[in-house]
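Asker: Sequence lines, in order, name chains A and B. When you line the first sequence up against my numbering, it's residues 26 to 269, in that order. When you line the second sequence up against my numbering, it's residues 26 to 269, in that order.
Honestly, the hints are just simulated from the structure, not real lab data. Among these hints, one or two may not hold up.
[Claimed, not checked] Output of the computed footprint for chain B on chain A, the stretches with three or more beta carbons under 8 Å from beta carbons of chain B:
(1) 80-94
(2) 186-199
(3) 249-258
[Stated by the list, open to error] Only pairs whose alpha carbons sit at most 35 Å apart, straight line, appear in this in silico DSBU-like list of lysine-lysine:
(4) B:45 with A:45
(5) B:35 with A:45
(6) B:37 with A:97
(7) B:35 with B:165
(8) B:35 with A:217
(9) B:165 with A:114
(10) B:67 with B:45
(11) B:185 with B:219
(12) B:165 with A:185
(13) B:219 with A:45
(14) B:192 with A:165
[What the hints assert, rightly or not] The following label-pair restraints were derived from C-beta to C-beta distances:
(15) B:132 with A:94: 43 to 49 Å
(16) A:30 with B:97: 23 to 29 Å
(17) B:215 with A:185: 21 to 27 Å
(18) A:30 with B:232: 43 to 49 Å
From the three backbone atoms N, C-alpha and C, an ideal C-beta is built for every residue, glycine too.
What follows is each chain in one-letter form.
There are 2 protein chains.
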Amino acid sequence: MVLTSLENDKVKALVRLQQKKYRDETGTYLVEGEHLVEEAYKHGSILQVIALENMPISYDCDILYVTEDILKKISSLENPPSMMALCKKEENHEIVGDKILLLDGIQDPGNLGTMIRSSLAFGVQTIILSPNCVDLYNPKVIRGTQGMMFHIPIIVMDTKDAITYMKQHHIPVYGTNVVNGVEASSLTSSEKEKYCLIMGNEGSGLSDEVFALCDRNLYIPMNEQVESLNVGVACSILLYELGR
Amino acid sequence: MVLTSLENDKVKALVRLQQKKYRDETGTYLVEGEHLVEEAYKHGSILQVIALENMPISYDCDILYVTEDILKKISSLENPPSMMALCKKEENHEIVGDKILLLDGIQDPGNLGTMIRSSLAFGVQTIILSPNCVDLYNPKVIRGTQGMMFHIPIIVMDTKDAITYMKQHHIPVYGTNVVNGVEASSLTSSEKEKYCLIMGNEGSGLSDEVFALCDRNLYIPMNEQVESLNVGVACSILLYELGR
Chain A
26 MVLTSLENDK
36 VKALVRLQQK
46 KYRDETGTYL
56 VEGEHLVEEA
66 YKHGSILQVI
76 ALENMPISYD
86 CDILYVTEDI
96 LKKISSLENP
106 PSMMALCKKE
116 ENHEIVGDKI
126 LLLDGIQDPG
136 NLGTMIRSSL
146 AFGVQTIILS
156 PNCVDLYNPK
166 VIRGTQGMMF
176 HIPIIVMDTK
186 DAITYMKQHH
196 IPVYGTNVVN
206 GVEASSLTSS
216 EKEKYCLIMG
226 NEGSGLSDEV
236 FALCDRNLYI
246 PMNEQVESLN
256 VGVACSILLY
266 ELGR
Chain B
26 MVLTSLENDK
36 VKALVRLQQK
46 KYRDETGTYL
56 VEGEHLVEEA
66 YKHGSILQVI
76 ALENMPISYD
86 CDILYVTEDI
96 LKKISSLENP
106 PSMMALCKKE
116 ENHEIVGDKI
126 LLLDGIQDPG
136 NLGTMIRSSL
146 AFGVQTIILS
156 PNCVDLYNPK
166 VIRGTQGMMF
176 HIPIIVMDTK
186 DAITYMKQHH
196 IPVYGTNVVN
206 GVEASSLTSS
216 EKEKYCLIMG
226 NEGSGLSDEV
236 FALCDRNLYI
246 PMNEQVESLN
256 VGVACSILLY
266 ELGR
């Protein structure tokens, strides 16, 4: 059976998932495109595959066939993919390992996606998002992670609670600041064994309160004309150094 | 005098600058927000400042006062800034220095902006864009550069012509590939003295033809699960290593 009416209640419910409010209410979200559907399937996150009529689907799961118009309406993309999936959110609460990235108030979905991808590349074991970060299940974030969000625990936790956890577990907390900072490349192996790197908001950086709780500040040497790097780039370079 | 009509020809002409076609035709573009206006002013690029009525402007240049509705219509942002500027494009044709970044078919405006910002941070002297890159004067690119586009020569040139220039000037050309690649951190100082780093398109990377012209390939060691980094991140890490 192929769903053809844009007014169908199922379609309306899927369209609403573009809004965080409905993702939160239902505990579900959408992934778009074959690659992300495959990653979500391997991870066991899929409730239903949504596919263009007549498309052969090899996954063993519930499938909803729809028209191109419906895909267009559900998708966040200008050129909608021929396959999407409705997924259930994962409830991670446990911090795993002692190589941690803590993101405090990151607002740009592209930046968050990029940092998740780089985290996996350079050996981060848990990513912590403060509650005021952009929603992990925002379609642009999911696209930016290139599916890597399914390969690493990502939890939402208050920044100060997270820092308290690090102090209790003797994990050094690194902020980023040139003032009183240590050049990232000069860290010794033992200083890179365990870490919690904190990256702050794109515009305002870390608050004074959070800075006061950091054990050290790291910095990346650069041309004086440049005030700062893109936060996704800065984070990735620091994780690259911490992972070496 | 304050311009109040959305139907005014000047307003219509400014709105059209959101499209590349009209930026090309007129040789002009817009920058948005006080910081970018200041950078453009210092660089001598401004033809006219466009500001919200009653806003005090300290710049010595032509000023067009407009209503909030007009700013909203001209701006590419959801929350329009209270100051914008009409700027004239710069015609750079000369390659300066021997630390070059060559971008071949970069499509995402955010990625291009990020790479321009990182180039300046890590000592690149000229950025070359292939003709099929996203337009440098796209509003999102300009925002992503944070004004750094005014501090470095950026020229448009065919990729193969650019590589020919490098060969003639004995500047080694570095592609990016794990296969037959050199770990970026293992480059010696003399291998970093002069370089032309090429980064390829987000989806397809470098063409075989371009690869064949590279003197070496560089790579960034990473977790096997991750197929690739975001191109802006990969570029920035390589420039960080080349700049050390």
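Asker: Going straight from one Cα to the other, do residue 45 (chain B) and residue 45 (chain A) come out at no more than 35 Å?
Answerer: holds (33 Å)
Asker: How does the segment 186-199 of chain A fare against chain B when you require at least three residues with a CB closer than 8 Å, holds or violated?
Answerer: violated (count 0)
Asker: Quick check on a hinted range of 23 to 29 Å for residue 30 (chain A) and residue 97 (chain B), using CB atoms only.
Answerer: For residue 30 (chain A) and residue 97 (chain B) the Cβ distance comes to about 36 Å; the hint is violated.
Asker: Need the status of pair residue 165 (chain B), residue 114 (chain A): alpha-carbon distance at most 35 Å?
Answerer: holds (31 Å)
Asker: Just to be careful, I want the Cα atoms of residue 37 (chain B) and residue 97 (chain A) compared with a cutoff of 35 Å; is the pair within it?
Answerer: holds (31 Å)
Asker: Are the Cα positions of residue 219 (chain B) and residue 45 (chain A) separated by 35 Å at most?
Answerer: Not OK: residue 219 (chain B) and residue 45 (chain A) at ~48 Å, beyond 35 Å, violated.
Asker: With a cut-off of 35 Å on the C-alpha distance, tell me whether residue 67 (chain B) and residue 45 (chain B) pass.
Answerer: Holds - the C-alpha atoms of residue 45 (chain B) and residue 67 (chain B) are around 24 Å apart, at most 35 Å.
Asker: Is it true that the CA of residue 35 (chain B) sits at most 35 Å from the CA of residue 165 (chain B)?
Answerer: It holds: about 23 Å lies between the C-alpha atoms, which stays within 35 Å.
Asker: Quick one: are residue 215 (chain B) and residue 185 (chain A) within 21 to 27 Å, going by C-beta?
Answerer: violated (48 Å)
Asker: For the pair supplied as a hint, residue 185 (chain B) and residue 219 (chain B), confirm whether the alpha-carbon distance does not exceed 35 Å.
Answerer: holds (18 Å)
Asker: Using a Cβ cutoff of 8 Å, are there at least 3 residues of the segment 249-258 of chain A near chain B, or does the coverage claim fail?
Answerer: Coverage by chain B holds here, the residue count being 8 at a Cβ distance below 8 Å.
Asker: Between residue 132 (chain B) and residue 94 (chain A), does the beta-carbon spacing fit 43 to 49 Å?
Answerer: Once the Cβ atoms are compared, 27 Å apart, the range 43 to 49 Å for residue 94 (chain A) and residue 132 (chain B) is violated.
Against the hints set out earlier in the document, violations occur for numbers 1, 2, 5, 8, 13, 14, 15, 16 and 17.
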